[in-house]
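Asks: Two chains, each in its own frame: build the complex with the hints.
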Amino acid sequence: MKFGVVTFPGSNCDQDMIDTLEISLGQKVEKLWHKENDLKGCDFIVLPGGFSFGDYLRSGAIAKFSPIMNEVIAHGQKGGYVMGVCNGFQILCETPLLDGALLHNDNQKFICKNIFLKPNSSDAAITKDLDPNKAYKIPIAHGEGRFFAPNDVIKSIQDNNQILFQYCDEEGNVTDESNPNGSIENIAGITNVGKNVFGMMPHPERAADENLSNIDGKFFFESILANLK
Amino acid sequence: MDKNTQVLATVEDAIELGLLAEEFELIKEAMGRTPNFTELSIYSVMWSEHCSYKNSIKWLKTLPKEGPHMLVQAGEENAGLVDIGDGLGCVFKIESHNHPSALEPYQGAATGVGGINRDIFTMGARPIAQLNSLRFGEISKERTKWLVKGVVKGIGDYGNSFGVPIIGGETMFDKSFNTNPLVNAFSAGILEGKMISATSAGPGNPVYIVGSATGKDGIAGAAFASKDITEESSEDLPSVQVGDPFQEKLLLEATLELAKTDAVVGMQDMGAAGITCSSCEMSAAGDNVGMDIDLSKVPTRQENMKDWEILLSESQERMLCVIEKGKEKIVEDIFEKWDLHAVQIGVVTEGGIINYSMNGEVVASVPAESLVLGGGAPVYEREYKEPAYYQEFKKFNIDDVAQPEDLKEVAMTLLQHPNIASKRWIYEQYDSMVGTKTMTTNRPSDAGISNIKGSNRALAMTVDCNSRYVNADPEIGTQIAVSEAARNIVVSGGIPSAVTNCLNFGNPYNPECYWQFVGAIKGMSAACRKFETPVTGGNVSFYNQTVMEGKEEPVFPTPTIGMIGVVPDKSKIMTMDFKSKGDLIFIIGESKDDISSSEYLVSYHKIDASPAPYFDLDKEFALQETMKGLIDHRLINAAHDCADGGLFVALTEMGMPNKLGFDIVTDAEIREDAFLFGEAQSRVVVTINEDQEEEFIEFMMNQTVPYTLLGHVTKGKMCVDDEHYGYVEEIKDIYDTALEKALS
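The listed protein sequences correspond, in order, to chains A and Y.
For the record, in the first sequence the residue sitting at position 117 is 117 according to my numbering, with numbers rising by one throughout.
Here my numbering = 1-based position in the second sequence + 1000.
It should be emphasised that the hints constitute simulated quantities derived from the structure, not laboratory data.
Idealized CB from N, CA, C, for every residue including glycine.
Misleading hints may appear alongside valid ones.
[Claimed, not checked] The list that follows gives simulated cross-link-like pairs (lysine to any residue, SDA-like), each with its CA atoms no further than 25 Å apart: (1) Y:Lys1145 to A:His104; (2) A:Lys229 to A:Gly80; (3) A:Lys113 to A:Ser223; (4) A:Lys109 to Y:Asn1419; (5) Y:Lys1149 to A:Tyr56; (6) Y:Lys1551 to Y:Ile1607; (7) Y:Lys1145 to A:Asn107; (8) A:Lys137 to Y:Thr1737; (9) Y:Lys1423 to A:Asn114; (10) A:Lys2 to A:Asp216; (11) A:Lys28 to Y:Gly1454; (12) Y:Lys1453 to A:Asn211; (13) Y:Lys1329 to Y:Asp1292.
[To be verified] Some chain Y residues near chain A, calculated using beta-carbon distances under 7 Å: (14) Gly1156; (15) Asn1160; (16) Ser1161; (17) Gly1163; (18) Phe1246; (19) Lys1249; (20) Leu1250; (21) Gln1429; (22) Ser1432; (23) Met1433; (24) Val1434; (25) Asn1442; (26) Arg1443; (27) Asn1451.
[What the hints assert, rightly or not] Here are the computed distance ranges between Cβ atoms for each label pair: (28) Y:Asp1616 to A:Arg58: 50 to 60 Å; (29) A:Pro150 to Y:Leu1071: 55 to 65 Å; (30) Y:Lys1628 to A:Asp169: 39 to 49 Å.
Isolated chain Y (complex conformation) (with noise of 0.2 Å):
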C-alpha cells in the first residue's frame, strides 16, 4: 500500500488537485472528518467539471426535459430513451472527446467513439447507427492536416472494427479551432427487451467488474496531479486512454446477452474516473446503498498497481455490474464465451457508504450520495457578461459590402471551400453499411436514415450546428441549429422525436464565455419547446480554447444538436437529389437580402464580424409544418434544405447524384449574390413532377409558407437567368476531390 495515500489531506493538496478551498471545507462536512489523499482524490474527479457539472447544471436544467415520446428521464440513464413505435424504445447520445483528440487525435477519437456506444449498450440497447460532428482549425495548417487525418482514421478503425454504421455528420474549418479541435460523437441504438439501469440495489448482491482488465492508462487524464505520487510512477502513464474495438464488440455482445437473462440488477459503463464514478454514481442512485469494494481483486494489466490508480484509471471497454445473489455462474459463463473478465469485487451494502479496500485494509470510505451530481456536488452559478462584439457584429450592413462583378468565380470558390465541399474524404473511410440498414446510402437524404427491420418505421438522426451562427448570436444561433436538425428530419419523411446535446464552450469563469453558453441554452429551450423535442441528456465540454496572436481565445461556441425522428411510412422517405429532366424547382420560405454570417460572406469577402442570419421560429415551424403535409401528400419529389454556401450550393448538391442541371431565374427584388448565396434560414428547394403542379399550387394556397417557382431541372447544364455556370458533371468532381487537394 502507498503510505502517502493514507495521510490526512490539507487544502493545498485540494487546491492542486483542481478542487476549491471551500470545496474542501465541503468535503470535511459531508465525511464528518478530514479526508484522506485517496479520497480527496476521488472528490476531486467526482467534483471536476466533467461529472459534477458544477458549472453547467443550473441552467441545463432549464432545457424541456417532457415529451410525448420519453420513456426516460433526462439525466437518470447513461443515454436518454425515447419511444419509437411498435414496442421499440431509441437509446441515443452525443459525446465529446475534444481533449484528448487534441493532444492524440487517432486515440482521443477512437475512445471517443468506444465511449459513447457503451453509454448506449449499457442500457441493453443494440447501437445500430453512429453520426458525428467535427471542427477543425484552418485546413492550410499542418496540424490542421494532421490533426484531420489523426480523428478520421482514429473514428474509423474503431467503428468499422465495433461494426456500426456511420450514416452521417458535419465537419467545419473556422481558425477558432486552429489548436482545439471538436470531436463529438453521436450513437443509437434500439433497445428491444428491457432497459437496464445504472443503478445498484439489493444488500448482499455481489458487483463485478466485467470486460478488459485495468492499466494505468488515463489516469493523468483525471486531473490526478500530485507531485509525492507522480513522481515514481508518472513515467509510464500514458495521458490519453487506449482504445481497443476488439474488445469492445465482445463486451458488446455479451453485455446483450447478459441483458437477456434476469441475472442484472444495474450495470453502468466506465468512462471518466472509472471505478469511483461508476460505483458512486450507481449507489447513489439505488435507495440507501453503498458498496465495499476489495480493488486487490481488479484484473490489472500491469504488476503492483497502486489502490488509487485502480479507482481512477481510465482503461476502456470496461463495465460495473450488481448480479443477483445466486445467479453469478450465468454472469461469469457468458462472459467466459466471450473471453471476457467477469471478476466479483465486492458485494453492495445497506446505508450509503463506500468502501474501497486493498489487500484487507480499507484505504477509503466515502458516503456515495456526497460525491455525485443531485447529491452533494457542488452547484455554482457563474456570472456572465454581454461580449463587446455582440454589438458590434449587429451594425453589419449589407450595402457596405459591393455585389462582384463574377457570381460565377463566387459560386466556383465555395462549391471548392472546405467547408462547403464534399466530405467524401473522411466518409468513404468510415464503414456506412454494416448492419444492412443504412437506407441513405443509395438515396440520399438530409438526415441518415436507418432501417428498422420488419417494420414499417425507420429511424432518422442527424447533428447540426453552425458554429459561426452561435458566435455571432448564441441564442438566435442554437435557435438555428435545433430548426435545422429538425429540418433535416422533416424534409426526410421524418417526425423529429428528441435531442441529445453536446455543449462545446470556452472557460466557464470567463463571464463573456459563460455569457454565451447561457444564450446557447435559452435558444435551444425555446426551440426544442417549439418543436416539441425534449433534450434528453448529453454532455457540457468547457475550456476549449485557442491561443490566437499569443492570446488565449475561445473556440466558437458550439452547441452540436444530435436529433433523432421517427419516419413512420418507409415509402415516404423523402431524398434530395434532382429525379427528373423537367421537373419544376420551387423555393418555400421566403428569400431574403441577406448574406450574415453566410460562408460567402466570411470566406470570400473576408468579412468575419456580421450577425447570425435572418431567422424567425414561428416562421421555421410554419415551413416544416408545410414539409410535412407536402411529403405526406406526395406532392413533391426532392426536398433539400438550403444550408451552408446558400441556395446556388443546395440545387448543385441536389444535381449531382444523378448528374442533372438546374435552369433558374433569380428574384428582382433581391440583390443577387444573397438570392444566390445568402443563409437565411428556413427555406427548403423542392422539385415536382409537372403532371402535379396543380396539386401543389392547390395545396400551398392553403399554405402561410411562401413560395415561388425558381426553374426546371436540366439534363446537366446549370444556368441562372440564361447565364451558363458550367455542368454538373465536371462540378462534381471538382466538389468531390476539394477536401482529398487540401489535405494532400
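This is chain A alone, in the form it adopts within the complex (with noise of 0.2 Å):
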C-alpha cells in the first residue's frame, strides 16, 4: 500500500499531508509533482489543500490541466482511490470524479476555525469504521467551500448515499447555525458512486496530532486504512 501525494505550484498542505501519512500513520508516501505523467506504483492518490496556481481563476480550474490529473482522473475512474482535501477537493469536482462545484462562503469571506462533522454514509472507507453519532472536531480553512449542485444531483448523491460529511453542532446536531459556509444540505465531504472518491473541504490531516491536542482527523485515516479494498 502506498499513498500518492501530488503537489501543485501553490499547494500549501502537501507536506501537512506527508506528515500525517508517514508520521502519524507510518505509511509510505510518494511525492508526485503536478508535470509527471506518473503515479509511480501509488494506490491511493491524495490532492492536497493550497492555492493551485494562485486560484485566481476559479479554484482548482487550471490545476485540472496539469499533466499528472490525466493519470488522477484514469487511476479514479479505474476504481483506485483518490481523496481530495480543500483545493484538493475542489479539484476533484473540475474533474468528472466528483458532482458539485464550491462556491465562495456565504458571508464572502475566508474562515479558518474548528467545525464538527457527522459522517453520513458508512459505505466509504473513510467514514466505514466512524462513530455515525458522534461529532467529529475537525478544522476548516478556505474561501470557497459552499458545496453547490442542481437538485438532481443532490437527489442522486442522497440516493446513492453518496454524502460523506455533513457539518453539525458539538452535539451532532445538522443544524443551519452549523453549517459555516452556507452548503446545500451542510454538506462537507462526498464520495462518486463507486465509493472510491473522496473529497472534502475541512482538514482532517490538521487534527492527527497528538501535539496539536486534536486527534479526530486520525480516525479518518485510520478508517481509510483499515477498510481499502
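Replies: What follows is the structure in C-alpha cells.
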C-alpha cells in the first residue's frame, strides 16, 4: 500500500498531508509533481489543500489541466482511491470524478476555525469505522467551500449514499447555525458512486497529531487504512 | 534612453527629490563629480529615511545586540538569526507597511506580508509562523471600517495563499490613528541548513534577477518625483505595489531548493528601491566588489521601460542573486521547474563601483559603499525636547475620579470595547493552522506556540506594545512593552530569546516626536538588557501622523516589540484557560491603587491625561523568574497575564474557553475599580489544583513576589464579593461578536 501526494504550484498543505501519513500513521508516501505523467505505483492518491496556480480564476480550474491529472482521473475511473482535501476537493469537482462545485462562502470571507463533522454514509472506507453519532472536531480553512449542485444531482448523491460528512454542532445536530459556509444540506464532503473517490473541505490532516491536542482527524485515516479493498 | 536622466543634476533637483542641499554636496564629494539625474535619484532613495535610517541609526546603535543565543549580529543580514537548539536557527523580523496601507489597505497590507516573509526565506529559512500588530482610528468612523476590512483581507489573502499561519497578534483602536493606521507584520522561520548571506563576492560571478518580472509599480512610492520625468509616465504608475502570493510561494520553494545546492554566493530580496538597493547593499557588504548590471536584460512587464523605472521599481516577489560561476545551470533549472524567471543581468566586478547600463550605454555609475547605511549615508543627530503634556499627565490623581456605583456595567462596557473584545472577526479570516505546527489553536496560551516537529522543543512568539502607555511615558511605556512580551512568553512555558522591533513614530524633525523616540529607545535598552533579549533588527517608520481638528498630530508612538522564545520542554507548555471547577485562583504580583492609562480610565471615564500604569522593572523580572519556577515545577494548571482591561477581563478570558466562571473577593485596601480594572503591571493570574495548594504555598514562601488567593473557579457563574456578574457563557457571546457588530 503506497500513498501518493500531488504537489501543484501553490499547494501548501502537501507537506502537512505527507507528515500525517508518514509520521502519524506510519505509511509509505511518494511525492508526485504535477508535471509528471506517472503515479509511480501509488495505490492511493491525495490532492492536498492550498491555492493551486494561485486560484485566481476559479479554485481548482487550472490544476485539472496539469499533466498528472490525466493519470489521477484514469486511476479514479478504474476504481483506484483518490482523496481531495480543500483545494484538492475543489480540483476533483472540476473533473469527472466528483459532482458539484464549491462556491464562495456565503459570508464572502475566508474562514479558518474548528468545526464539527457528522459522518453520513458509512459505505465508504473513510467513514466505515467512524461513529455516526459522534461529532468530530476538524478545522476548516477556505474562502470557497460552499458545496453546490443542482437539485437532481443532490438527490442522486443522497439516493446513492454519497454524502460523507455534514457540518454539525458540538452535539452532532445538523443545523443551519453549524453550517459555516452555506453548503447545501450542510455537505462538507462527498464520494462518487463507486465510493473510491473522496472529497472534503475540512482538513483531517490538521487534526492527527497529539502535539496539536486534537486527533479526531486521525480516525478518518485509520478508517481508510482498515477498509481499503 | 531618456535624455532627461543623463543631464547633470542640480541642487534644485536634489531638493525636489527630498535631499538636503548639504547632502547634495556630500554626494558630489563621494563621487568626485556632479551626478547625473539617474545617479542623483539613486542617492535620493538610498539616502531616504527608509533605506538609510539617517535620523535613527545613532540611537538604534545603543540597543543591546549581544546575547547568549545570537548567531548573526543585528543589522548584518535581512533579519536576525538566533540559535534555538537542536542545531536549528530561527530567523525572525517585524516590518511596517503603514503608509501604503493608509492609501490602499488591501494591497498595502498584502505586500507588507509578502515583504516580511521574503526577508526570512532570502536567508534560506522556511517561514513557519506570522504575527501582526495593527492600529486603527476610532471604530465608529466609516474610514476606519474601510481600513480594517481592507487590511485584514489583504493580510489574509496573501498569507493564506502563501501558506504560513498567523498564530497571534494585537489590534488597538484610538483616535490618534484616524488617518494613519499602523500595519506591522512579523514572520519567523526555521533555518535547517546553512544561512544565505546578503553579501556579494567573487569578481566574475554572475548576478541573477529571479522571480517576477519588473513593472512600473511602486516607483512613485520610492519618492521619485520629477516633473521632467513623470509628466509622460505618471498616469500608469500605481503608487502602491501589487502583491502576488502565488508568485511568492513559487519563489519560496525555488529559493529553498536553491539554498540546498552549493550554487549561491549571496542573495537579497528586493524591497524598497528594488534593484538599486539590493545591488548596492550586497556589494557594500562584500569586500571591495561592485557590479556591472545591464538593465536591458531585466524581464519587464511593460514595453519600453526607462532605465530609472527599472532601477527603482518596487515590483514584488523578486530577488537579486549572486551565483558561483559555472553553476548557472543549477539555478536556471530550479527556476524553470517553478516557472519563474532567472535571468543573468550582470556580473560581480572588482572595486566598489556599480555600473548600470541600458542598451550598451552606462546610465549610472556609483560607489556602492557611499550609498549605504554604515558607509557613506549621512547620520544625523536630531534635537529633542520634552513635550508639555508629559508633566501634565503626571498630575493625574486617582482621587479625582469617582468610583462608579455599578461596576457590573463597567465590566460589560469593557468586555464589549473593541480594544478588549475578542478579535475573532479578524483572526478567523487568517489561516492559523496551515503547516500543522500551531499548538495554541486547541490549547490557548498568552504567546503563539509553533511546534518544532521531531524535537521536544517549540517556538513561542508574541508582538506587544500598548501605544497609550508609550505616549504617556515613552521610556516606561516601552519597558512595559518589552516586559509584556517577555511575560507572555514566560507564562506560556517559554524562555525569552531575542527581540525584533518596529518603531512607529511621527516626524523626526519635530523635537517632541523625537523625544518620544529617544525615550522609547532608552526604555527598550534597559528592559532588553534586563531580560537578556538582544534586539536583532527590525525597522523604523517615521512620519506617522493624523490630522485632528485641522492640526497635524503624531500617532501614539508605537515601538512594537516582536519577541521569540524557546519552549525547552513541550510537556511544560502552560495554557491560559481555567481547567476545572474548584481550582484555586491566585494572583501573583502586587495589586495597586492604580488606574492610570487603563482602558477603563480612557473609555469609561473619558480621561486621556494620565501617566503610564505602575511599573517596576526589577519587580517584573522577579515575577517572571517566579513564573518560570512555578511552571517548571508543574505547580499551576493555568496562567494568564493581567493586561488590558485589568483583572476582571483577565479572569473572564480565562473562563471563556471552557465556559467556567469564578468566585473571587477583592482587597479592602484597594479601590474596587482599581482592583478589578486597573492595569498596574507585573501581575499574573494562575490557577492550581486544590491538591497542590500546600506545595504551591511552600514554593511561593521562598519567593520575593507577593501572591494572594482570590477565590476559586466555578461552573460558569462570575461572582465578585458575592455579587453576581453574570454567566460566562452569556458574556462569551457578547465578547465574541462585539467587534463584528461595531464594524457593520
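Asks: Against the structure shown, which of the earlier numbered hints fail to hold, in ascending order?
Replies: none
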